[in-house]
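Listed here are the chains, written in short residue letters.
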Amino acid sequence: MIVHTLILAALTVSSGVAAAATLEGVVRDAAGRPVVDAVIYAMVPGKPQAAKPGTSAIVDQIDKEFVPYVLPVQVGTQVRFPNQDNIRHNVYSFSPAKVFSLQLYRGTMAEPVLFDKPGGIVLGCNIHDNMIAYVLAVETPHFGVTDAAGKVSLRNLAAGEYEVMAWHPQKQEEAAAVSRRVSISGTATVSFAITLKPDPRKKPKR
Amino acid sequence: MFQFRRFQSRLIFFFLGLVSLVQIVVFATVDRTNTRYAREQIEAALELGARTFNRLIELQTEQLSESVRILTGDFAFKTAIATGERDTVRSVLENHGARVGADVMLLLALDSGLIADTRDAASGTLPPALMHLIRVAEQDERAWAVISLDGQAYQLLAMPVLAPVPVAWIVAGFKIDDRLARQLQQFTKLGVSFFYESGGGPVNIMASSLPPAMRAELSGIPDLAVRAKDSVVPMQLQGEEHLVLVSALRMAADTTLDVILQRSLEEELRPFLELRIVVFVLSCSGLLMSLIGAFFIARSVTRPVRALAESARRVERGEYGQEVHITQQDELGELAGAFNRMIKGLAERDRVRSLLGKVVSPAIAEKLLSRDFVLGGEEREVTVLFSDLRNFTSLSEHRSAQEVVTLLNTYFTRMSAAVENNHGVVDKYLGDGMMALFGAPVQHEDDAGNALKAALDMCDALDRLNREFRARGLPELGIGIGINTALVVAGNMGSPDRLNYTVVGDGVNLAARLEDMTKLAEYDTRIIASDATIRKSRRTFNTRLLGEVAVRGRSEPVTIHAVLGVAPTP
Numbered sequence: 001m002i003v004h005t006l007i008l009a010a011l012t013v014s015s016g017v018a019a020a021a022t023l024e025g026v027v028r029d030a031a032g033r034p035v036v037d038a039v040i041y042a043m044v045p046g047k048p049q050a051a052k053p054g055t056s057a058i059v060d061q062i063d064k065e066f067v068p069y070v071l072p073v074q075v076g077t078q079v080r081f082p083n084q085d086n087i088r089h090n091v092y093s094f095s096p097a098k099v100f101s102l103q104l105y106r107g108t109m110a111e112p113v114l115f116d117k118p119g120g121i122v123l124g125c126n127i128h129d130n131m132i133a134y135v136l137a138v139e140t141p142h143f144g145v146t147d148a149a150g151k152v153s154l155r156n157l158a159a160g161e162y163e164v165m166a167w168h169p170q171k172q173e174e175a176a177a178v179s180r181r182v183s184i185s186g187t188a189t190v191s192f193a194i195t196l197k198p199d200p201r202k203k204p205k206r
Numbered sequence: 001m002f003q004f005r006r007f008q009s010r011l012i013f014f015f016l017g018l019v020s021l022v023q024i025v026v027f028a029t030v031d032r033t034n035t036r037y038a039r040e041q042i043e044a045a046l047e048l049g050a051r052t053f054n055r056l057i058e059l060q061t062e063q064l065s066e067s068v069r070i071l072t073g074d075f076a077f078k079t080a081i082a083t084g085e086r087d088t089v090r091s092v093l094e095n096h097g098a099r100v101g102a103d104v105m106l107l108l109a110l111d112s113g114l115i116a117d118t119r120d121a122a123s124g125t126l127p128p129a130l131m132h133l134i135r136v137a138e139q140d141e142r143a144w145a146v147i148s149l150d151g152q153a154y155q156l157l158a159m160p161v162l163a164p165v166p167v168a169w170i171v172a173g174f175k176i177d178d179r180l181a182r183q184l185q186q187f188t189k190l191g192v193s194f195f196y197e198s199g200g201g202p203v204n205i206m207a208s209s210l211p212p213a214m215r216a217e218l219s220g221i222p223d224l225a226v227r228a229k230d231s232v233v234p235m236q237l238q239g240e241e242h243l244v245l246v247s248a249l250r251m252a253a254d255t256t257l258d259v260i261l262q263r264s265l266e267e268e269l270r271p272f273l274e275l276r277i278v279v280f281v282l283s284c285s286g287l288l289m290s291l292i293g294a295f296f297i298a299r300s301v302t303r304p305v306r307a308l309a310e311s312a313r314r315v316e317r318g319e320y321g322q323e324v325h326i327t328q329q330d331e332l333g334e335l336a337g338a339f340n341r342m343i344k345g346l347a348e349r350d351r352v353r354s355l356l357g358k359v360v361s362p363a364i365a366e367k368l369l370s371r372d373f374v375l376g377g378e379e380r381e382v383t384v385l386f387s388d389l390r391n392f393t394s395l396s397e398h399r400s401a402q403e404v405v406t407l408l409n410t411y412f413t414r415m416s417a418a419v420e421n422n423h424g425v426v427d428k429y430l431g432d433g434m435m436a437l438f439g440a441p442v443q444h445e446d447d448a449g450n451a452l453k454a455a456l457d458m459c460d461a462l463d464r465l466n467r468e469f470r471a472r473g474l475p476e477l478g479i480g481i482g483i484n485t486a487l488v489v490a491g492n493m494g495s496p497d498r499l500n501y502t503v504v505g506d507g508v509n510l511a512a513r514l515e516d517m518t519k520l521a522e523y524d525t526r527i528i529a530s531d532a533t534i535r536k537s538r539r540t541f542n543t544r545l546l547g548e549v550a551v552r553g554r555s556e557p558v559t560i561h562a563v564l565g566v567a568p569t570p
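Taken in order, these protein sequences are the chains called A and B. Note that the numbering used here gives residue 148 to position 148 of the first sequence, counting from 1, and the numbers run on in steps of one. Note that the numbering used here gives residue 465 to position 465 of the second sequence, counting from 1, and the numbers run on in steps of one.
For the record, the hints were derived by calculation from the structure and aren't laboratory data. Bear in mind the structure is a predicted one, so any value in this text is a computation, not a measurement. Don't take each hint at face value.
With a straight-line Cα cutoff of 20 Å, these simulated EDC-like cross-link-like pairs (lysine to aspartate or glutamate) come out [unchecked claim]: (1) Lys64(A) - Asp87(B); (2) Lys202(A) - Glu94(B); (3) Lys64(A) - Asp120(B).
With the rest of the complex left out, here is chain A:
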């Protein structure tokens, strides 16, 4: 997570333009409650941007859970799945954007996975039904995940026109419904209201 944030910061700085802008994203559910783990990303319309080769991110496996639960990456990012537990895990995906399976492994034995297509990918472990996580591959370096207050800030954007979109693993809306065209200069706030399906993760037994 820390690593990933640093990379993100480096990216935004390097692509920085003289007039830096900030996008404040807010996601709430139908009842007006803040939505955590929602991804907000801003694309320059008509200009999909892949990550530079060598870009990587990490999804940890700690105490039979994937961490983080939601990971946004730029298309072209290599994601590693280090296993912090003393038991083996398997990581697999049948999502169209990336189908893969990492056989039961320990530690850092597994090879990194390249997410080369945009879209949401559901991750699972075939021997631990409760291990579920999501990777969202987007074609922009400008993205972030909402905190417990349902907020996220995308800093150091070049002022200009953006297509701002919200995504959540359990959102019911079509992509178009959670997409806004926003012209950003200085600080702009974009709010989304989304409807959520139930969380598939079972509550821990104990």
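For this one, chain A is given, so just place chain B on it according to the hints.
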């Protein structure tokens, strides 16, 4: 034997007794039938329940073992097992065990060494029963048994993990606990208790759907497992009668799962108890209704009967005025109608009698009214008395008819009284004269004497009357009386429509002649009696012989006497 004084009580007692008897018999029969039926039902339910229960356990076992089989066939599971790493294996056992709801999962090596166990504090050694189960599973590919692990009973299913040949034993365990017992109770409607066989001693219950108190009581019963084995046994549990059945379920090899199935007889009887209450209420209301009915029926009999009795008492007192009012249309109504007609008849007869008594003497009236009254006559000895009023013609002059009748009636009233007081009968009034009979229609002792006494009384009565007349300034009256005793013909004479009881004969005429003779101054007497009368009289009177006289129409002279008074008793 107890006797009821009142018909009403008797009727009510009879009705109530009869209805009560019927109700009690019906009630007892229904009750007995119900109880027997309920018992049979419970027994049937228990036996059916036992079969259902066995089948249920079989089905569940089958389903569980099928689930476990599918589970062990999962490739990811096999992959995880294949790592042989204790923690990974345990985590996959937990994960996959959760999929089928297993409470415990064990992985045993082919040599029965424990590889992984989902229980946290599992003792290293495995119970021999589990080892035995694995031996059976080796033969039958799968096996199940109820085995206690660390004091908790589990239904354990054992089967191999195939890759593709057996690589390990998977043992899935499902708790035999109160929850399971209650679930089974829901299906079978029977109290379910699992216990360990303990060789004829008290049962050791491991799980039960019963409340703790009953569970404790059940486990305190010695030889329960033997007594109720495959047969329904009645048993008192917590003060209620239960029917209990012990059933043994075959498991792996020669082990069994023993279960106590039971049902409360009272619970089953509850609807019948309700029915019993309904029947009881019905019986009581039937009883009440028959009481009311009996009361009214009795009253419909006793009231008219009492009214009739009361009326009869009134008639007895001579009151004919009131009819009995009974509107009933039944036999009692008929009786009342007949009774009323009878009263009317009695009243009519009484009226006739009193009227007749005014016209004729009461004795004759009685004779006339009597049933044996016949037209005709008889010959009998009668003393005939004739009286005649003297000076009446002069008295009646210058007086109104009303006054004359009043005077005459006063006179006759006194004379009649004198006659009747001496058992005589006034036969008829002849103008100012009167004819009286003694010895007819009813014979009395000393009729002749009675006639003589009556004549003297008449004279006394006239004297008293004359004193009254004098006081009122009226002229005095004289009297002449003739008496004769003779055999005459007596009877009802006339036509059937109009009759007179009277006497006829020569002797009657003689009495009239004698009366006529009192007018003669030479005799100087008011009463002349024939010698026959004087002789017949049993009493002695002061008389004066007047001599023999020849009477018209008679060949022999008649000896006559003047009657002066009653002779003093010697």
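Evaluation of the provided hints:
no., hint, in the structure
1, Lys64(A) - Asp87(B), "holds (12 Å)"
2, Lys202(A) - Glu94(B), "holds (14 Å)"
3, Lys64(A) - Asp120(B), "holds (17 Å)"
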